[in-house]
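Residue numbers (numbering that gives the first Met the number 0), protein chains in the order written: chain A, 0 to 481; chain B, 0 to 262.
Because the hints were derived from the structure by calculation, they are not lab data.
Fair warning: there could be bad hints in the mix.
Stated by the list, open to error - Under the rule of at most 35 angstroms between Cα atoms (straight-line distance), these lysine-lysine pairs were calculated in the DSBU-like manner:
(1) A:Lys454 <-> B:Lys156
(2) B:Lys235 <-> A:Lys459
(3) B:Lys235 <-> B:Lys156
To be verified - A few chain B residues facing chain A, derived, Cβ under 7 angstroms:
(4) Gly84
(5) Leu87
(6) Pro96
(7) Ala101
(8) Ala110
(9) Gln111
(10) Leu115
(11) Val123
(12) Leu126
(13) Gly150
Every residue, glycine too, gets a C-beta built ideally from N, C-alpha and C.
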Amino acid sequence: MTSSLKKNSANQYTDEKYRYGFTTSIESEQAPPGLNEEIIHWISEKKNEPTFMLNWRLKCYHAWKKMREPRWSSVHYPPIQYEEIIYYSSAQKQAPKSLDEVDPEILKTFEKLGIPLHEREALAGVAIDAVFDSVSVGTTFKEKLSKLGIIFCSFSEAVQQHPELIQTYLGSVVPYNDNFFAALNSAVFSDGSFCYIPKHTRCPMELSTYFRINAAKTGQFERTLIIADEGSYVSYLEGCTAPMRDENQLHAAVVELVALDRAEIRYSTVQNWYPGDAQGKGGVYNFVTKRGACRGYRSKISWTQVETGSAITWKYPSCILQGDESVGEFYSVAVANHFQQADTGTKMIHLGKNTTSTIISKGISAGQGQNTYRGLVRIQKKAAQARNYTQCDSLLMGSHCSAQTLPSIEVKNPTAKAEHEASTSKISEDQIFYCRQRGLSTEDAVNLIVNGFCKEVFKKLPMEFAVEAQKLLAVTLEGSVG
Amino acid sequence: MNQNREMLAIKNLHACINEKEILKGIELTIRPGEIHAIMGPNGSGKSTLANILAGREYCQVTQGSIMFENQNVLTMAPEERAQRGIFLAFQYPVEIPGVNNAYFLKAALNAQRQSLHEAELDAVDFLELAKIKLKELHMDESILQRSVNEGFSGGEKKKNEILQLVMLNPKLAILDETDSGLDIDALKIVAAGINAWKKADRSVLMVTHYQRLLDYITPDYIHVLIQGKIVKTGGKNLALELEQKGYGNLDSLQLTAMHEQRQ
Numbered sequence: 000m001t002s003s004l005k006k007n008s009a010n011q012y013t014d015e016k017y018r019y020g021f022t023t024s025i026e027s028e029q030a031p032p033g034l035n036e037e038i039i040h041w042i043s044e045k046k047n048e049p050t051f052m053l054n055w056r057l058k059c060y061h062a063w064k065k066m067r068e069p070r071w072s073s074v075h076y077p078p079i080q081y082e083e084i085i086y087y088s089s090a091q092k093q094a095p096k097s098l099d100e101v102d103p104e105i106l107k108t109f110e111k112l113g114i115p116l117h118e119r120e121a122l123a124g125v126a127i128d129a130v131f132d133s134v135s136v137g138t139t140f141k142e143k144l145s146k147l148g149i150i151f152c153s154f155s156e157a158v159q160q161h162p163e164l165i166q167t168y169l170g171s172v173v174p175y176n177d178n179f180f181a182a183l184n185s186a187v188f189s190d191g192s193f194c195y196i197p198k199h200t201r202c203p204m205e206l207s208t209y210f211r212i213n214a215a216k217t218g219q220f221e222r223t224l225i226i227a228d229e230g231s232y233v234s235y236l237e238g239c240t241a242p243m244r245d246e247n248q249l250h251a252a253v254v255e256l257v258a259l260d261r262a263e264i265r266y267s268t269v270q271n272w273y274p275g276d277a278q279g280k281g282g283v284y285n286f287v288t289k290r291g292a293c294r295g296y297r298s299k300i301s302w303t304q305v306e307t308g309s310a311i312t313w314k315y316p317s318c319i320l321q322g323d324e325s326v327g328e329f330y331s332v333a334v335a336n337h338f339q340q341a342d343t344g345t346k347m348i349h350l351g352k353n354t355t356s357t358i359i360s361k362g363i364s365a366g367q368g369q370n371t372y373r374g375l376v377r378i379q380k381k382a383a384q385a386r387n388y389t390q391c392d393s394l395l396m397g398s399h400c401s402a403q404t405l406p407s408i409e410v411k412n413p414t415a416k417a418e419h420e421a422s423t424s425k426i427s428e429d430q431i432f433y434c435r436q437r438g439l440s441t442e443d444a445v446n447l448i449v450n451g452f453c454k455e456v457f458k459k460l461p462m463e464f465a466v467e468a469q470k471l472l473a474v475t476l477e478g479s480v481g
Numbered sequence: 000m001n002q003n004r005e006m007l008a009i010k011n012l013h014a015c016i017n018e019k020e021i022l023k024g025i026e027l028t029i030r031p032g033e034i035h036a037i038m039g040p041n042g043s044g045k046s047t048l049a050n051i052l053a054g055r056e057y058c059q060v061t062q063g064s065i066m067f068e069n070q071n072v073l074t075m076a077p078e079e080r081a082q083r084g085i086f087l088a089f090q091y092p093v094e095i096p097g098v099n100n101a102y103f104l105k106a107a108l109n110a111q112r113q114s115l116h117e118a119e120l121d122a123v124d125f126l127e128l129a130k131i132k133l134k135e136l137h138m139d140e141s142i143l144q145r146s147v148n149e150g151f152s153g154g155e156k157k158k159n160e161i162l163q164l165v166m167l168n169p170k171l172a173i174l175d176e177t178d179s180g181l182d183i184d185a186l187k188i189v190a191a192g193i194n195a196w197k198k199a200d201r202s203v204l205m206v207t208h209y210q211r212l213l214d215y216i217t218p219d220y221i222h223v224l225i226q227g228k229i230v231k232t233g234g235k236n237l238a239l240e241l242e243q244k245g246y247g248n249l250d251s252l253q254l255t256a257m258h259e260q261r262q
């Protein structure tokens with residue numbers, strides 16, 4: 000890039016612009032730091048859980064004790080001190096029964112974030128379950144949904160109210176000993192969202208969960224379980240933020256999706272955890288296990304994610320295509336700016352006949368960012384006529400960032416077909432000059448080019464979130480051309 | 000209209016690319032309504048001149064001045080030049096994958112309108128305008144929904160430049176080798192588009208290698224650029240002369256140019 004352009008963008012826009020970086024002062028009830036059997040008993044007791052939950056947590060804890068933190072990904076970070084993390088933090092002494100009981104400070108925080116909890120203010124057509132640190136603070140539109148038989152509540156509530164569903168499905172997609180972070184989550188998770196869509200029901204609104212880490216030195220371990228019964232449909236959106244803190248915060252979530260015959264789940268994420276400052280200090284470590292099981296005939300699960308935050312992202316939303324003719328999709332935009340590291344991708348496991356999967360991954364690297372796509376397409380013996388299409392595109396901004404694509408394709412059925420395309424490009428000086436010659440500023444030109452690059456993914460997001468994602472991307476990448 | 004008013008005034012322009020001097024004292028004045036053509040052999044500095052006017056940063060101006068409507072162009076960012084009415088039709092239009100042509104055009108048009116403190120066009124008004132212009136250009140509406148220049152043929156890219164030209168309606172259009180890579184039908188469409196757009200107060204600076212484009216767009220002046228200097232200026236007949244005798248015939252002029260330079 001030429002000198003004047005560099006000057007223009009580098010000096011002008013390097014301010015850190017994480018506008019969600021405020022903290023809220025509220026009294027919270029916390030577990031002492033560290034993890035042992037006692038803490039798990041304490042958490043389970045706090046949540047007044049039935050014995051099966053306590054036993055499950057303990058089983059997970061013991062499995063986790065024997066596991067080692069994975070080191071196979073491309074991300075680098077100093078060792079996490081698990082004994083220093085606070086595993087449970089609640090702003091409330093007891094779970095609130097209605098919105099009136101919720102701490103006004105918490106409600107204010109959510110308002111600052113732009114998520115009014117009160118139904119009259121809530122975005123039309125979006126029901127939100129908000130998780131603050133570890134406890135779910137309120138679910139909007141609950142009554143309206145329950146008339147249709149749709150259950151949308153906090154995980155804690157589901158454990159109390161629908162233990163049979165929890166017992167049937169908890170850990171059925173992500174086994175308790177699946178991986179180090181999933182096992183840790185299973186042992187200590189404090190809350191999250193639960194959703195059940197009954198047979199032949201189309202959920203009339205977007206369901207949404209909003210996560211926020213507030214308390215210092217807290218880990219957030221939430222768990223989401225969505226079950227779409229036969230012939231049902233649900234679209235779900237997850238959004239995340241955290242305050243700016245110098246130390247790193249750990250987020251290890253587990254999301255399990257189950258789609259039965261002809262059911263469809265669309266799961267969209269806009270992840271904007273604090274990425275750390277421009278020098279790479281602070282930020283959220285995001286180690287997440289997300290997996291969906293297409294159990295039924297012609298079931299469909301679609302993951303769409305826009306990952307702009309976190310110091311480290313380690314995340315592979317996956318689909319297990321068990322049902323014949325089931326469909327799995329993964330659409331992803333992952334940004335790594337400054338010192339962010341993103342190691343993300345998907346796994347598509349084809350078990351049933353005529354199963355299809357589509358993977359569209361768009362990685363954007365800027366600053367010193369490091370972006371890795373890691374994917375696995377496995378077509379098992381019985382998956383006759385299975386199809387996969389994978390497209391991985393990387394966009395580089397500047398010359399200190401990097402991108403790598405690590406696809407793995409295993410085909411065990413001769414009638415299967417897997418296609419893979421990959422490209423790496425740079426935002427060229429020519430493109431920017433072309434836009435400027437037509438009267439657009441450099442920043443507008445960059446946004447235009449980046450949005451064009453991400454278009455295939457953005458158009459999969461629900462409309463209002465696509466707009467939000469575009470704005471987020473613009474803020475995240477400000478000043479990164481040079 | 001005052002015919003003596005200068006739209007563009009280039010004085011003693013010297014410029015380098017990677018420290019190699021490409022332009023060696025260009026003098027050129029364009030008044031409103033005039034069509035100028037700059038011709039010359041490969042490497043004479045024609046495209047460099049076009050790019051400098053647009054603000055391309057790899058070309059460094061070492062001496063001289065460029066004024067556009069009495070404003071110093073050299074201190075303006077490329078987007079400001081564009082907003083003030085300098086348009087460059089690119090020799091190699093750039094592809095922007097995933098960006099809808101209509102969206103791009105609308106963004107460009109509104110950036111210009113914003114700089115002029117005019118109200119932005121909404122999607123409906125924009126589309127209406129675009130459809131009128133497309134019709135005038137005998138171009139298919141489908142071009143609006145395609146990504147900017149992506150997968151376009153050479154001819155389509157050049158036509159798209161002309162669409163942008165008529166939509167943005169600049170004061171000065173610089174055409175950098177717009178005839179290159181065009182078949183005769185495309186050339187006719189492109190030339191007709193430019194002629195239809197060109198009004199009494201609009202000016203054109205064509206940079207071209209061949210006489211071909213000049214058969215369709217008649218210049219008021221032709222300048223011959225050799226080794227970074229304008230060695231000859233004439234009317235439209237000069238092109239025919241060049242076509243017949245080639246630039247080689249101007250060797251003597253070239254020598255004069257070099258001689259002058261030494262002095």
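Hints, one by one, checked against the model:
1. A:Lys454 <-> B:Lys156: OK: Lys454 of chain A and Lys156 of chain B at ~22 angstroms, within 35 angstroms.
2. B:Lys235 <-> A:Lys459: Distance of about 56 angstroms is beyond 35 angstroms: violated.
3. B:Lys235 <-> B:Lys156: Since the Cα atoms of Lys235 of chain B and Lys156 of chain B sit roughly 28 angstroms apart, the hinted pair holds (cutoff 35 angstroms).
4. Gly84: violated (10 angstroms)
5. Leu87: holds (5 angstroms)
6. Pro96: holds (6 angstroms)
7. Ala101: violated (13 angstroms)
8. Ala110: holds (4 angstroms)
9. Gln111: Result: holds, 5 angstroms to nearest chain A Cβ.
10. Leu115: violated (10 angstroms)
11. Val123: violated (19 angstroms)
12. Leu126: violated (18 angstroms)
13. Gly150: violated (14 angstroms)
In this structure, the earlier hints numbered 2, 4, 7, 10, 11, 12, 13 are contradicted, and the remaining ones agree with it.
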